[in-house]
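Residue numbers (our numbering), protein chains in the order written: chain A, 3 to 154; chain B, 542 to 768; chain C, 2 to 247.
Because the hints were derived from the structure by calculation, they are not lab data. Bear in mind that the values here come from a model prediction, so they are computed numbers and not experimental data. Treat each hint with caution, since some may be false.
[Said to hold, decoys possible] Result set (EDC-like, lysine to aspartate or glutamate): computed pairs, CA atoms no more than 16 angstroms apart in a straight line: (1) A/LYS110 to A/GLU121; (2) B/LYS704 to B/ASP623; (3) B/LYS704 to B/GLU615; (4) B/LYS704 to C/GLU151; (5) C/LYS117 to C/ASP53; (6) C/LYS117 to A/ASP82; (7) A/LYS110 to B/GLU615; (8) A/LYS110 to A/GLU90; (9) B/LYS704 to C/ASP152; (10) C/LYS117 to A/ASP97; (11) A/LYS110 to A/ASP120; (12) A/LYS49 to A/ASP97.
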Amino acid sequence: MNPVRRKRLILIGLMVAGVAVAVGFALNAFNQNLMFFYSPSEVVGGKAPVDHPFRLGGLVTTGSVQRMSNGLTTRFAVTDNTQTVTIEYTGILPDLFREGQGIVAHGKLNENGVFVADEVLAKHDENYMPPEVAAALEKSHKEATGQGGTTP
Amino acid sequence: MKPATLPQAFAILLRRDLTLAYRRRSEMINPLLFFVLVTALFPLGIGADPELLRNIGPGIIWVAALLASLLSLETVFRSDFDDGSLEQLLLSPHPLSVLMIAKVLAHWLITGLPLLVVAPLLAVLLNLSGDATATLLITLALGTPVLSLIGAIGVALTVGLRKGGTILSLLVLPLYVPVLIFAASAVANSDAGLPVNAHLSLLAALLVLSISLSPAATAASLRISMS
Amino acid sequence: MLRFFHQLASPRHFYRISGKLIPWLALACLVFTLTGVYQGLVVAPTDYQQGDSYRIMFIHVPAAWMSLFIYMVMAAAGVIGLVWHIKLAEIVAISSAHIGASFTFLALITGSIWGKPMWGTWWVWDARLTSELILLFLYLGVIALYNAVEDRRTAARATSILALVGVVNIPIIHYSVEWWNTLHQGPTVTKFDAPSIDLRMLIPLLLMAVAFKIFYAVVLLLRARVEVLQRERNSAWVQELVKEHE
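Construct the entire structure; sequences and hints are all you get.
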């Protein structure tokens, strides 16, 4: 092997090794918390920032939505099926906001552990189907699990 | 005379660039002054509410660092191109990509490292906490070399152009975005008392990736621009 | 076979063959678009959650796919041009940039229009949206660099390198919805566990995706032909062509 070619091979080997190390660092990062929003379990577990605004995501708990007396403020709970957090929001909710729907709210925790949101966004899922199919699916799901309503 | 080995050539090139920079000290100081001034403009423009400054401080410092680095980029190859020594460099028998590392290293020592020195001062001006300042220094140490490495590709592509400056920012800034996002949010997270390991790990990944790939891209771009 | 490709790569043959291909491709594009629009607006049922608003997906999703696909084509053609010095590959690479930028812009705009009623906002800085925006800037950078360098061949080679550097962004866009908790929903079509999308909704989506691909091919050929003529304007065969049309 001539020296020029050997040198070039060494350089390419170093480049490949460098890329491998970079991938290692990136994988290490993805194993940790790097998120657009926090889940209710993380908030209850104290992993979310105190005194700092952050985003909270979860499913709106069935039967939790209440309008307050001033007509604009809504109080509801979000869950990740393990923990729930109460959210208070003043303003217009998006079209897709309904019970059982995934939402992302931006705001701060107050001293009572209530999340005061200044923005509520609805996260729609990746499923597209006509209403009849959705109804049929839900029915078969209920029959399969032998119970009504959402997961406790 | 015996021809220089690769490590010798690397050292000679590095020392030459540092000497040149030392002779033109004002060019070295301008981006640094720019960095400080831009950061100081924000409290004047937005108002000096300490809480607000603390929230937007990480972003401001990083955007200013980005712009300062962009401003100094042209000096990597400009004078070498003007006096013809860049063409001499292309004729060297050593792998051009390794020599490019020397050029970028010199550029970082001249323009990136001083940012780290004044950053704590700016952190105080913007009311960042002690933890956040420490994280800011780590992110600058990991991030500014990435800026120099990526920027060198852009400069190499535009070195022969008359109006290279504006094009350069258009080419380089989109590629700077990941560094800005992860670095600024690492500092903001540490100010809020949250873990920052994930962000720092990603910045390290960007650094290693750009060290391994960008010198080759810079060398290839330079050969194309100079052909 | 190899000889066919070699011939195709010569600008003259490319010009002749592409001239014959374009009308057929344009016809196919029209057929796919019309059936896709009919299927999408008339046959496909309304969605159980989103009502009729979801129908913008038939433009948004294919446009977003195209924005990534065209970038990959551009980078691949750039590599071929850099390594084997094939002029036609350089032309394909640079002709793709404008089309790719347009599709990226279309994906961002339609996504924004979709996001307002569904999410409740025109724009969020989540990973998917941000990385798609960076993609638009990368395309614009490629175009700007190509226009700034005077010599066409140097310009094409320089933009190929820039395009190649930007490839890093492609996996980030694609996997952003899986790596990060984004507001943007996860992939639908490439996910295999049913039920994700109703068949009557999937068909127009795929029809439109094919229509967009053919549209890209048509516009790419048209742009490439112009570029070929400009670059070869001093060669004998172009002079002959001009004389024929006089």
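Is A/LYS110 within 16 angstroms of A/GLU121, Cα to Cα?
-> It holds: about 11 angstroms lies between the C-alpha atoms, which stays within 16 angstroms.
Under the criterion that the straight-line Cα-Cα distance not exceed 16 angstroms, is the pair B/LYS704, C/ASP152 satisfied?
-> holds (15 angstroms)
If you draw a straight line from the CA of A/LYS49 to the CA of A/ASP97, is it 16 angstroms or shorter?
-> violated (31 angstroms)
Within a Cα-Cα threshold of 16 angstroms, do A/LYS110 and A/GLU90 meet the stated pairing?
-> Given that 16 angstroms is the threshold and the Cα spacing comes to 10 angstroms, the pair holds.
Taking only the CA atoms, is the gap from C/LYS117 to A/ASP82 under or equal to 16 angstroms?
-> With Cα atoms ~25 angstroms apart, C/LYS117 and A/ASP82 exceed 16 angstroms; violated.
Regarding the pair A/LYS110 and A/ASP120, is the alpha-carbon distance no greater than 16 angstroms?
-> Holds, at about 8 angstroms.
Are the Cα atoms of C/LYS117 and A/ASP97 separated by 16 angstroms or less?
-> holds (9 angstroms)
Straight-line alpha-carbon gap C/LYS117 to C/ASP53, limit 16 angstroms | Holds: C/LYS117 and C/ASP53 sit about 14 angstroms apart, inside 16 angstroms.
Does the alpha-carbon distance linking A/LYS110 and B/GLU615 stay inside the 16 angstroms limit?
-> violated (44 angstroms)
16 angstroms limit on alpha-carbon distance, applied to hinted pair B/LYS704 and B/GLU615 = Given pair B/LYS704, B/GLU615 holds - Cα atoms ~12 angstroms apart, limit 16 angstroms.
When you check the alpha-carbon spacing of B/LYS704 and C/GLU151, does it fall within 16 angstroms?
-> The hint holds at about 12 angstroms.
Between B/LYS704 and B/ASP623, does the CA-CA distance stay at or below 16 angstroms?
-> Distance of about 15 angstroms is within 16 angstroms: holds.
The structure fails to meet hints 6, 7, 12 from the earlier list, while all remaining hints are met.
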